[in-house]
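2 protein chains.
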Amino acid sequence: MQVHIELKKVVDDSYDITIDKLPKIYFDTKVAVVTNPTVSALHLDYLLSNISAKELHVVTLKDGEEYKNQESIDAILDSLFEHRFNRKSMLIAFGGGVIGDMTGFAASIYQRGIDFIQIPTTLLSQVDASVGGKTGMNNKYGKNLVGAFHQPKAVYIDPSFLTTLPKREFAAGVAEIVKMAVTFNKEFFEFLESADLSDAKVLQDVIKQAVETKANVVAEDEKERGLRAALNYGHTFGHVIENETKYKEFLHGEAVAIGMVMANETAVKMNLMSEKEALRVKALLEKYDLPTHYEISDVNTFYETFFLDKKSSDSAITFILPLGIGDVVITDKVDRGTVMCVLNKFGKDK
Amino acid sequence: MQVHIELKKVVDDSYDITIDKLPKIYFDTKVAVVTNPTVSALHLDYLLSNISAKELHVVTLKDGEEYKNQESIDAILDSLFEHRFNRKSMLIAFGGGVIGDMTGFAASIYQRGIDFIQIPTTLLSQVDASVGGKTGMNNKYGKNLVGAFHQPKAVYIDPSFLTTLPKREFAAGVAEIVKMAVTFNKEFFEFLESADLSDAKVLQDVIKQAVETKANVVAEDEKERGLRAALNYGHTFGHVIENETKYKEFLHGEAVAIGMVMANETAVKMNLMSEKEALRVKALLEKYDLPTHYEISDVNTFYETFFLDKKSSDSAITFILPLGIGDVVITDKVDRGTVMCVLNKFGKDK
Numbered sequence: 009m010q011v012h013i014e015l016k017k018v019v020d021d022s023y024d025i026t027i028d029k030l031p032k033i034y035f036d037t038k039v040a041v042v043t044n045p046t047v048s049a050l051h052l053d054y055l056l057s058n059i060s061a062k063e064l065h066v067v068t069l070k071d072g073e074e075y076k077n078q079e080s081i082d083a084i085l086d087s088l089f090e091h092r093f094n095r096k097s098m099l100i101a102f103g104g105g106v107i108g109d110m111t112g113f114a115a116s117i118y119q120r121g122i123d124f125i126q127i128p129t130t131l132l133s134q135v136d137a138s139v140g141g142k143t144g145m146n147n148k149y150g151k152n153l154v155g156a157f158h159q160p161k162a163v164y165i166d167p168s169f170l171t172t173l174p175k176r177e178f179a180a181g182v183a184e185i186v187k188m189a190v191t192f193n194k195e196f197f198e199f200l201e202s203a204d205l206s207d208a209k210v211l212q213d214v215i216k217q218a219v220e221t222k223a224n225v226v227a228e229d230e231k232e233r234g235l236r237a238a239l240n241y242g243h244t245f246g247h248v249i250e251n252e253t254k255y256k257e258f259l260h261g262e263a264v265a266i267g268m269v270m271a272n273e274t275a276v277k278m279n280l281m282s283e284k285e286a287l288r289v290k291a292l293l294e295k296y297d298l299p300t301h302y303e304i305s306d307v308n309t310f311y312e313t314f315f316l317d318k319k320s321s322d323s324a325i326t327f328i329l330p331l332g333i334g335d336v337v338i339t340d341k342v343d344r345g346t347v348m349c350v351l352n353k354f355g356k357d358k
Numbered sequence: 009m010q011v012h013i014e015l016k017k018v019v020d021d022s023y024d025i026t027i028d029k030l031p032k033i034y035f036d037t038k039v040a041v042v043t044n045p046t047v048s049a050l051h052l053d054y055l056l057s058n059i060s061a062k063e064l065h066v067v068t069l070k071d072g073e074e075y076k077n078q079e080s081i082d083a084i085l086d087s088l089f090e091h092r093f094n095r096k097s098m099l100i101a102f103g104g105g106v107i108g109d110m111t112g113f114a115a116s117i118y119q120r121g122i123d124f125i126q127i128p129t130t131l132l133s134q135v136d137a138s139v140g141g142k143t144g145m146n147n148k149y150g151k152n153l154v155g156a157f158h159q160p161k162a163v164y165i166d167p168s169f170l171t172t173l174p175k176r177e178f179a180a181g182v183a184e185i186v187k188m189a190v191t192f193n194k195e196f197f198e199f200l201e202s203a204d205l206s207d208a209k210v211l212q213d214v215i216k217q218a219v220e221t222k223a224n225v226v227a228e229d230e231k232e233r234g235l236r237a238a239l240n241y242g243h244t245f246g247h248v249i250e251n252e253t254k255y256k257e258f259l260h261g262e263a264v265a266i267g268m269v270m271a272n273e274t275a276v277k278m279n280l281m282s283e284k285e286a287l288r289v290k291a292l293l294e295k296y297d298l299p300t301h302y303e304i305s306d307v308n309t310f311y312e313t314f315f316l317d318k319k320s321s322d323s324a325i326t327f328i329l330p331l332g333i334g335d336v337v338i339t340d341k342v343d344r345g346t347v348m349c350v351l352n353k354f355g356k357d358k
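Residue numbers (the numbering used here), protein chains in the order written: chain Z, 9 to 358; chain C, 9 to 358.
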C-alpha cells in the first residue's frame, strides 16, 4: 500500500543586487540588524539613518572567524525570541562574510525560516557571499560544516563601505574576483589586468562583473552538484594552507591566492594551461600584493590534509584546474605523483 | 546599477510513503539510524535485519520530548562528523515524532543538507510527522521554534510497530487522525465512527486515509502560508493546556483532543457547527478513551497564554474552527468575549 506525496513545484528565490549608494529602505515588519563592533563603530549610524522599520533591534556579535559558531547563532536567535519576532520579521546581515553566513543561517532556522537581506561591507562578501545562498557556521570539525542554502530577499552593495576596509582585506576580496575571472570569464580577467580599482567607477563596475559572473554559475547549479564546484578553484589547496596555519596567518582570500597559484602549477604540469597564462594570473595577484607563495613544511602531511576537506569524497580529492584563462575543469583524476611534484616546489628545502 | 539573480526553478521533493511490512532497503552510502533506547530495545534488530548499507551507524538519543533540544541535535551531528559522513550519506529516523523531527533537522543542516528517510514507530508520527517536512527542536522559548522544512526521501510505515505501543500513545495518534477527518474529510470521519482499529487491515487503511488527507493539504500549502494552518485545529487551545501542565500531564494528542472539543464549543457558539456535530466528534474521541475535559484554573491566564504561541501574530489569535464536519475556517476574528465564554465552561467553578 503506497501513497505518493507530490511536491513538485516552482520555487522563485530570485532577488536583486543593488550596487550603489545605500537607498532608503522601509520595512513594515520587525527588523534585526546583525553586525559586529568593528562595522558598527564605522557604519551603523549611516545604516540606521537609511532604515525605517516597525521595530528595529541590533544584535552585535564578536568580530572574527573564531566566533562563527553555535554561540553566535544562539545569540541571534535569542534576540529574535526575546523581541518576539514572527515569521514575517526580517534580518539584515551587516558586515563581512562571517556576519552574512551566520545571519543567513539563523534566518533559515528561526521558526523554520524567515527572510533576510544582505548589506555586505567587505569586498569579499560583496562579490562572493552575496551571491549563492550558502549560509552556515564553523564547528570543531571544520569550517561551514553546519548550515543551509537560504537565499536573501535582496542584497545592497554600497562600495563606499570599502573606503574604511584595511588594504589587506581589500586585496583578499580581489583574490576571489580574480578566481571568478580565471574560472569563467576571460574578458573580465583582461579587464582586471589593466583596471585601476582606486577609481570608484571602475571598482563599482568590477564588483558588478564579479557578481554577474558568479550569478551565472549559481543560477545553473544552486546546490553545488556540478559547475558551481568550479568556484572552489584555489580552495582545495587554500583550505589546507588555512588549516596548517590555523587560520591565523592568512586571510581566506590570501590562502586562496596561493591556492590558485598551486592549482595553476598543477594545471601547467598536466598541460591544461600554459606557463605564460599561469604567470599572468600570478602577476595579477601580485599587483594587489597578494601572497603567491607558502612554504610547506611537510609535503606528505599537506597531502593528507586534503582528505579532511568536506568537498572531497571518501577516496579522491577534487581539483579545480584552469584550462587556460576563462575556463576550468573539475576533476578527481589527478594522480598523487603529480600533486606531490607540485607540492615539492613549495617544500621547505626549495 | 543592479544585477538580477534569477533563481526560479522547478523543485521536485516528491516521495512515496509505503504502508506495509518493512521491505529490505539497500543503500550504497553511509547510513546513520537515529533512535532512542525504547524503540531500539523493541525493534532495532528487526530494522537492522532489513537494512544493508555501505557503513551503518546507530545514534541513540535519550527518550522524551525534554531531550528534543540542541544537545541531541549536536549528538547526531557529532556522530556524522566522527564517521566522516559526506553529502551523499543518509539518515534514518527510527522512532516517534521527536526522533523524526530532530533527525530531519540534523539532516537539513549537516553540510547544508543531506537526505533522510523516516521509519516512524508511533501512530502519531506515522500519520502526522511523516507528511509535511516540518523538522525542528524545542528551546527555552517553546516547542519547535528552531527548525527547517526538509522533506524525507521516503517514508516506511510498518503498522506492526504499533503492537508494542502503549494504549495511551495509540489513542493520542487517533486524536490527530480525528483532527484530519474533522477538518478535511467527512467520509473519513464517518468511516472512523464505525471502524475497528484492532483489525490490522482496517488500521492500515485508516493510516493510509489519514496520510492521504494530510498529503493533499500539504501539497497545496507546503510552507503553511494558508490552508495548512487548518491542521492546527485543536492546537490553539491544546498548546495552552500543554503549556499550563508543563507538558507532563497530557500527551500531545490528548491535549489536542481537549483542544478540539474547546474549538468545537467555540464553533457552536458562533453558529459555525451544530451542537450535534460537536457531540459526534466528542463521542469519537471518547471511543478511544481520549480526554475531552480540562479544568482551567484561571481563565484569564489561559487566555493570555494564547499570545505566547508562535502561530499567533502580534495582536490577534488564530483559531481553526470547524464548519460542521469535514470543513474548517481559519480566523483571527473571534472576539475575546466569545472565547472567554467557552473558557468559562471549563473553568474551575463549573
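Everything labelled a hint here was simulated from the structure, so no lab data went into it.
Where hints are given, some of them may not hold.
Which copy is meant is left open, because identical chains are indistinguishable; a pair holds if it fits in one copy or across any two.
[Said to hold, decoys possible] List of simulated lysine-lysine pairs, BS3-like, C-alpha gap at most 25 Å:
| # | residue 1 | residue 2 |
| --- | --- | --- |
| 1 | Lys70 | Lys148 |
| 2 | Lys353 | Lys254 |
| 3 | Lys62 | Lys341 |
| 4 | Lys148 | Lys96 |
| 5 | Lys151 | Lys96 |
| 6 | Lys17 | Lys216 |
| 7 | Lys96 | Lys341 |
| 8 | Lys194 | Lys356 |
| 9 | Lys16 | Lys216 |
| 10 | Lys341 | Lys148 |
| 11 | Lys194 | Lys353 |
| 12 | Lys161 | Lys231 |
| 13 | Lys17 | Lys277 |
| 14 | Lys16 | Lys341 |
| 15 | Lys194 | Lys151 |
| 16 | Lys16 | Lys231 |
| 17 | Lys284 | Lys194 |
| 18 | Lys256 | Lys17 |
| 19 | Lys16 | Lys175 |
| 20 | Lys295 | Lys216 |
| 21 | Lys17 | Lys231 |
| 22 | Lys284 | Lys209 |
| 23 | Lys194 | Lys209 |
Every value quoted in this text rests on a predicted model; they were computed, and no experiment measured them.
Quick rundown of the hints versus the structure:
Taking the closest pair of Cα atoms, Lys70 and Lys148 come within 25 Å of each other both inside a single copy (18 Å) and across two copies (23 Å). For the identical chains of this complex, Lys353 and Lys254 are intra-copy neighbours only, at 22 Å inside a copy versus 65 Å across copies, given an alpha-carbon limit of 25 Å. For the identical chains of this complex, Lys62 and Lys341 are inter-copy neighbours only, at 23 Å across copies versus 55 Å inside a copy, given an alpha-carbon limit of 25 Å. Only between protomers do Lys148 and Lys96 lie at most 25 Å apart by alpha-carbon distance; the minimum there is 21 Å, versus 33 Å within a single protomer.
Taking the shortest Cα distances, Lys151 and Lys96 sit within 25 Å of each other only across copies (19 Å), while inside one copy they are farther apart (30 Å). For a Cα distance limit of 25 Å, the shortest separation of Lys17 from Lys216 across copies, 24 Å, qualifies, whereas the shortest one inside one copy, 31 Å, does not. Taking the shortest Cα distances, Lys96 and Lys341 sit within 25 Å of each other only across copies (20 Å), while inside one copy they are farther apart (48 Å). In this assembly of identical chains, Lys194 and Lys356 lie within 25 Å of each other by CA distance neither inside one copy nor across copies; the values are 34 Å within and 78 Å between.
When the C-alpha separation of Lys16 and Lys216 is checked against a cutoff of 25 Å, the pair qualifies only between copies, where the shortest distance is 21 Å, while the shortest distance within a copy is 34 Å. For a Cα distance limit of 25 Å, the shortest separation of Lys341 from Lys148 qualifies neither inside one copy, at 30 Å, nor across copies, at 50 Å. Neither within a single protomer nor between protomers do Lys194 and Lys353 lie at most 25 Å apart by alpha-carbon distance, with minima of 27 Å and 76 Å respectively. Proximity of Lys161 to Lys231 under the C-alpha cut-off of 25 Å is found in both arrangements, the shortest distances being 18 Å within a copy and 17 Å between copies.
Proximity of Lys17 to Lys277 under the C-alpha cut-off of 25 Å is found in neither arrangement, the shortest distances being 46 Å within a copy and 40 Å between copies. When the C-alpha separation of Lys16 and Lys341 is checked against a cutoff of 25 Å, the pair qualifies neither within a copy, at 36 Å, nor between copies, at 34 Å. Taking the closest pair of Cα atoms, Lys194 and Lys151 never come within 25 Å of each other, the shortest separation being 30 Å inside a single copy and 52 Å across copies. Taking CA atoms no more than 25 Å apart as the test, Lys16 paired with Lys231 passes in both settings, with 17 Å inside one copy and 14 Å between copies.
For the identical chains of this complex, Lys284 and Lys194 are intra-copy neighbours only, at 15 Å inside a copy versus 76 Å across copies, given an alpha-carbon limit of 25 Å. For the homomeric pair Lys256 and Lys17, neither the shortest alpha-carbon distance inside one copy (45 Å) nor that between copies (40 Å) is at most 25 Å. Proximity of Lys16 and Lys175 under a CA criterion of 25 Å is satisfied in neither setting, with 48 Å inside one chain copy and 37 Å between copies. Taking the shortest Cα distances, Lys295 and Lys216 sit within 25 Å of each other inside one copy (21 Å), while across copies they are farther apart (67 Å).
Proximity of Lys17 and Lys231 under a CA criterion of 25 Å is satisfied in both settings, with 17 Å inside one chain copy and 12 Å between copies. Taking the shortest Cα distances, Lys284 and Lys209 never come within 25 Å of each other, neither inside one copy (30 Å) nor across copies (74 Å). Taking the closest pair of Cα atoms, Lys194 and Lys209 come within 25 Å of each other only inside a single copy of the chain (21 Å); across copies the shortest separation is 66 Å, beyond that limit.
Checked against the numbered hints above, the structure violates hints 8, 10, 11, 13, 14, 15, 18, 19, 22; every other hint is satisfied.
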